[in-house]
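Participant: For reference, the chains in residue letters:
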Amino acid sequence: MKRNFICILILFAVIALSGAFIVYTQSKKADSLTAYIYSNDVLIRTIDLTSTDEPYSFTVTTDNGEYNTVFVRQGEIAVVEASCPDEICVKTGFIHSSALPIVCLPNKLSIEIRSEKSEEDIDAVAQ
Amino acid sequence: MKIKFALIAAMIVTLILCSCSQPEEYSMDIFAMDTYMSLMAYGRNSEKALEEAAEEIEKTEELLSVTRPDSEISQLNENGFLENPSDDMLYLVKTGVELNGEVDGAFDITLYPVIQAWGFTTESKNIPTEETLVGLLSDTGVARVHFENGITLDDNTKVDLGGIAKGYAGKKAADILKQYGITSALLNMGGNIQTIGAKPDGSSWKIGIKDPQNESSLVGSVEIIDKAVVTSGGYERFFIGDDGKRYHHIIDPKTGKPAENGIISATVIGDDGTLCDALSTSLYIMGTEKASEYLNAHSETNAILVTEDRTLYITRGIEPVFKPLNEYINTTINVIG
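Listed in order, the protein sequences are those of chains A and B.
Residues 0 to 126 in numbering that gives the first Met the number 0 are what the first sequence lists, from first letter to last.
Residues 0 to 336 in numbering that gives the first Met the number 0 are what the second sequence lists, from first letter to last.
Heads up, a few of these hints could be off.
Keeping only pairs whose Cα atoms sit at most 25 Å apart, straight-line, the calculated PhoX-like set for lysine-lysine is [what the hints assert, rightly or not]: (1) 256/B / 289/B; (2) 124/B / 90/A; (3) 47/B / 58/B; (4) 58/B / 171/B; (5) 124/B / 253/B; (6) 171/B / 205/B; (7) 289/B / 253/B; (8) 47/B / 177/B; (9) 93/B / 253/B; (10) 124/B / 107/A; (11) 90/A / 244/B; (12) 58/B / 107/A.
Here are a few chain B residues that face chain A, going by a calculated C-beta distance under 7 Å [as the list claims (entries may be wrong)]: (13) 192; (14) 207; (15) 214.
Calculated directly from the structure, the hints in this document are not laboratory data.
None of these values were measured; they are calculated from a predicted model.
Built from N, CA and C at the ideal position, the CB exists for glycine as well.
Let's have the full structure, built from the sequences with the hints guiding it.
Facilitator: Below, the structure is given as structure tokens:
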């Protein structure tokens with residue numbers, strides 16, 4: 000009888016703890032910002048912007064030699080140089096939220112940031 | 000017996016806990032209609048529903064792309080007639096013609112030859128001469144589009160549905176998602192926003208309105224549920240001419256030149272994405288004075304206008320859910336409509 004009761008208690012404790020763990024991991028995720036870099040519809044790289052301590056840059060080159068140079072620093076990402084004629088991707092500047100992606104239509108490159116914090120975040124930008 | 004009971008109880012609690020977590024979410028990015036689109040839907044079947052919605056967008060593009068020689072619109076422009084137009088094609092051309100009257104000519108689907116002359120459909124942009132424009136404009140006007148035996152066009156008349164295509168594709172995609180029972184979705188069609196229902200937690204979608212003078216900033220945000228938000232701005236597609244002047248892609252049907260009538264960004268919020276798309280272009284072309292008059296006379300249309308001198312005009316219906324941001328926080332808001 001008593002043993003059964005203890006069993007129930009343990010079970011509930013396990014459930015409660017796993018619940019707390021889920022909530023904890025979700026809330027940890029809430030603070031993270033991840034950049035997703037797509038080239039020609041293919042996700043070629045993801046970058047955790049939150050844990051980027053030292054700024055760095057790298058270049059994405061397409062099969063036909065077109066390029067975009069991407070600059071990463073904590074919480075932000077930008078295209079700083081590109082071979083496209085309009086350079087809209089460069090003019091977009093640094094992005095730091097999911098509201099606005101960087102898009103280079105000529106070179107078919109796009110960078111978007113995803114985060115879980117929805118309080119202040121804009122869901123999409125009309126433009 | 001008791002252990003059994005405990006196990007069942009534990010299972011039920013676990014199930015409840017699981018069901019409390021976020022609903023199924025699926026997102027998809029596609030390049031279509033010359034832009035980058037990001038589609039997101041929540042709930043059961045969201046993956047399958049989005050795949051079908053994306054197919055529908057591509058289908059609409061195939062139909063309406065003036066740069067594809069096999070599209071229905073290219074056939075119509077090349078032959079001057081289309082005997083058996085698809086339902087979509089007929090609907091869009093008719094809607095385009097009707098809207099022209101609605102907005103006093105500010106929206107004109109027959110401007111295509113003028114847009115071609117500016118090179119906006121190609122890579123080589125150039126400034127057409129006054130003479131060229133006058134010549135081309137004489138063959139424009141929706142009175143030159145007829146609906147006998149399908150669709151027929153008068154000589155030298157060509158149509159372009161680019162001004163409503165994205166809005167229409169968004170609406171069609173939303174219809175498909177709804178057929179799948181999706182009650183929460185956000186379709187970002189390259190800045191043309193179409194939403195279904197509210198966010199999964201029941202709150203409104205928060206849509207930012209881009210600052211037309213600052214690429215990485217926003218004028219403000221609007222909170223909406225189950226609506227489309229479409230913005231037209233000259234900053235979107237433009238080129239710098241040999242004369243150093245900036246020429247954008249929103250052509251005024253009256254002059255054949257980029258509209259310069261005081262408005263630098265026009266946003267329309269409404270139920271029908273197709274209509275929002277056409278109206279945002281129209282209001283931009285109309286300019287501050289005429290657009291305000293139009294909105295005062297059509298209280299059912301909700302809009303946000305940004306003028307050259309950074310003044311905001313917002314209709315009564317949307318003003319309560321509009322929040323100015325950044326440099327627009329202390330701007331005077333003129334409530335109209």
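Participant: Against this structure, judge whether each hint is valid.
Facilitator: Hints, one by one, checked against the model:
no., hint, verdict
1, 256/B / 289/B, "18 Å, holds"
2, 124/B / 90/A, "20 Å, holds"
3, 47/B / 58/B, "17 Å, holds"
4, 58/B / 171/B, "10 Å, holds"
5, 124/B / 253/B, "21 Å, holds"
6, 171/B / 205/B, "22 Å, holds"
7, 289/B / 253/B, "14 Å, holds"
8, 47/B / 177/B, "12 Å, holds"
9, 93/B / 253/B, "21 Å, holds"
10, 124/B / 107/A, "21 Å, holds"
11, 90/A / 244/B, "18 Å, holds"
12, 58/B / 107/A, "21 Å, holds"
13, 192, "5 Å, holds"
14, 207, "4 Å, holds"
15, 214, "5 Å, holds"
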